[in-house]
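Engineer: Taken in order, these protein sequences are the chains called A and B. 121 is the number that this note's numbering gives to position 121 of the first sequence; each next residue is one higher, with no gaps. Just add 1000 to the spot in the second sequence (first one is 1) and you have this note's numbering.
No lab work stands behind these hints, which were simulated from the structure alone. Even for Gly, the Cβ is constructed at its ideal location relative to N, Cα and C. Incorrect hints may have been included.
Straight-line alpha carbon distances no greater than 16 Å define the calculated EDC-like cross-link-like pairs of lysine to aspartate or glutamate that follow [to be verified]:
id, chain 1, residue 1, chain 2, residue 2
1, B, 1152, A, 30
2, B, 1152, B, 1293
3, B, 1152, A, 283
4, B, 1387, B, 1360
5, B, 1414, B, 1380
6, A, 361, A, 416
7, A, 414, A, 374
8, A, 152, A, 259
9, A, 387, A, 360
10, A, 71, A, 97
11, A, 152, B, 1232
12, A, 152, B, 1030
Distance ranges between label pairs, derived from CB positions [stated by the list, open to error]:
id, chain 1, residue 1, chain 2, residue 2, range
13, A, 349, B, 1398, 49 to 59 Å
14, B, 1059, A, 257, 48 to 58 Å
15, A, 430, B, 1049, 34 to 44 Å
Protein chains: 2
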Amino acid sequence: MMRTRPLKVALLGCGVVGSEVARIMTTHADDLAARIGAPVELAGVAVRRPDKVRGGVPAELITTDATALVKRGDIDVVVEVIGGIEPARTLITTAFEHGASVVSANKALLAQDGAALYAAAEQHGQDLYYEAAVAGAIPLIRPLRESLAGDKINRVMGIVNGTTNFILDKMDTSGAGYSEALDEATALGYAEADPTADVEGFDAAAKAAILAGIAFHTRVKLDDVYREGMTEVTAADFASAKQMGCTIKLLAICERAADGGSVTARVHPAMIPLSHPLASVREAYNAVFVEAEAAGRLMFYGPGAGGSPTASAVLGDLVAVCRNRLNEATGPGESAYTRLPVSPMGEVVTRYHISLDVADKPGVLAQVATVFAEHGVSIDTVRQQGKDGEASLVVVTHRAPDAALSGTVEALRKLDTVRGVASIMRVEGE
Amino acid sequence: MMRTRPLKVALLGCGVVGSEVARIMTTHADDLAARIGAPVELAGVAVRRPDKVRGGVPAELITTDATALVKRGDIDVVVEVIGGIEPARTLITTAFEHGASVVSANKALLAQDGAALYAAAEQHGQDLYYEAAVAGAIPLIRPLRESLAGDKINRVMGIVNGTTNFILDKMDTSGAGYSEALDEATALGYAEADPTADVEGFDAAAKAAILAGIAFHTRVKLDDVYREGMTEVTAADFASAKQMGCTIKLLAICERAADGGSVTARVHPAMIPLSHPLASVREAYNAVFVEAEAAGRLMFYGPGAGGSPTASAVLGDLVAVCRNRLNEATGPGESAYTRLPVSPMGEVVTRYHISLDVADKPGVLAQVATVFAEHGVSIDTVRQQGKDGEASLVVVTHRAPDAALSGTVEALRKLDTVRGVASIMRVEGE
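Here chain A stands alone, though its shape is the one from the complex (with noise of 0.2 Å):
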């Protein structure tokens, strides 16, 4: 039996996603009271501009003021939608202070505080629900809390940014740079005018320290993530990549080491085997390669961002949390009970794929290989091409930790034989 008192929801941020959360809220109201059990109702909207609302929000419903319609006490479920660390955190832990449970699309906040805010959740017995917050509309957080609660998972890999995916599809497929293809997907509205937060990685490794959390049971903040933009990634590695039959692709990857003692979080460019289910991911998709000891391999692909699809996640959190709330109980809170350290870059186990421009004489490669040898790191594949004098050398190695390969590089740069380390690249996914 349905109840008919509604739920009321309070928004905050009625840009791109709010805009459309808010209109799915009126168009499919009938379809959520029905799954939910109970009718529910825009309480109130809160934006920084009321002249730049976009249509079908009811003027009344519009106010400046966040900090009153979270206090206003008779709110079921905030959602936020404003993103950035300020004012959402103090308006996300006000919320809960005054009761309400909380929807958030929010990866840098809950990449740098997620765990003072689900401290609060739980200190005031409300709900934190943000499957938003990773990869859009892919449902991922709640099948990686929920789905694989009861199994071990190793590994998550995924490409979660549309813009670099975008970007270095373009130069994958048209052979364009990295400025030519930024400029399309600037003019195509995937890159924003300022795309840093893209591009040098910041947005991926706010969404790896939140997977590899989840993942792992255990706290990742942002600061633990390795990071490594895409902005140097050339045409000449695209075709270093074709050459060994891969492509390029900025991964977001999260491990646990070998051992189970301790977990890693990184994002940087690398090459992966075409035959690798990523490796087909084309245009601004986005998808999560996930390695659990039971379930295996999975893949979960779809659109990573955009105004509905980023809703479609907000809205299905939000039908979770208000059906925990008619049932008086709140979904699964922090689960970080493993404790497991971060380890640093350097700990990570991986392999190189290393362009030399050396000089055409013999016994360079001799020299190359020392170096190789002097720091553990065993060759896998060397190929080398000479014309007029100068010569280059492509090296990809076997599996090694991160700091004995990154070592050989700077090792390399002294050889009076090598004149430039022309392009570095790690290789992942076999």
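Assemble the complex: chain A is given as a structure, and chain B must be docked to it using the hints.
Structural biologist: Just chain B now, with coordinates in the frame of chain A:
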């Protein structure tokens, strides 16, 4: 703070899946306890043949009296991995009556009697979870029921049977015929001695019924699902598919009609373009493609069967059900509020690829084209090949109701100039 009284689990069935559930419950007891908030204890294991129980289960837990086990009164959760209709159905309802929730992997039973089981669970205030019933370890039921609860799903299209995907993949890559590929699947353990349930599409049809019900919030019974097996797919069909840039998959397709007033569910082999994400699902893997109004196009990929993957799904449900129990709440029950009727196959809108053996004489194409026109079926492409007085016509239609398409084929069979219909295959995924 952790509760110290353990939650008691009764396991019904201890074959490939059950023994793996028992093993993980023992080896990962601490992880499960931390995730649930209380320890879980295997309280009894009911089997038909105690001499066949696999390693690791203490002898004192084994019983042949499943009914007495579920009636004990101290059982919190019954895990049913027996399969089939009886005695599973009676044991599950008995479990509800005696205060236990149920986790089941039983697709046949859920497809046939899901509504009655849901009603029994609700009547007794218990949970019924069954992630493992569809697509093994791939988190699918929970994302559809919960993550997409705020969205409107319009289509679910999936490869949900690993045996048939292995056979079709083998035919595609090696050019083998059906019998040869089936023999290989049997030798490798991918097909059972009697492969009927898989190759005739019964297994996929049960999953389609479950998926359609969840996706569209309505009741879809096994009998509502149109079903065609894949035993008649030939090497020639694969050759035709290749010429169209397609491959052939056995698909389970659940669709909402364009007017929203009804739904359909069907299982049959179909050509899909190589560019479609489902086309690259190889070997015995499963994948389900979901199209939702706001979320867009999502795909879930992973192993669809096997002891460990299925056990992973069962244990994820076990954790959720145990958490609900500690919260004194239940998860989402049946959601069938839309009460949408299920339309017959004739009303499904699809495309046909038809190969005809025809007399090699003038006017044949005109005759054939007239038959299509009379049935209101528009032709997309025709390819004509002739040799030695015989010829073949390959026609690919535009989209039309299945009844009009099959009516066209019947009429074509009656033409004097048509010597035979060599193959008919639906074309999907565009």
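Engineer: Which of the numbered hints are not met once you compare them with the structure shown?
Structural biologist: Violated hints: 3, 5, 11 and 14; rest satisfied.
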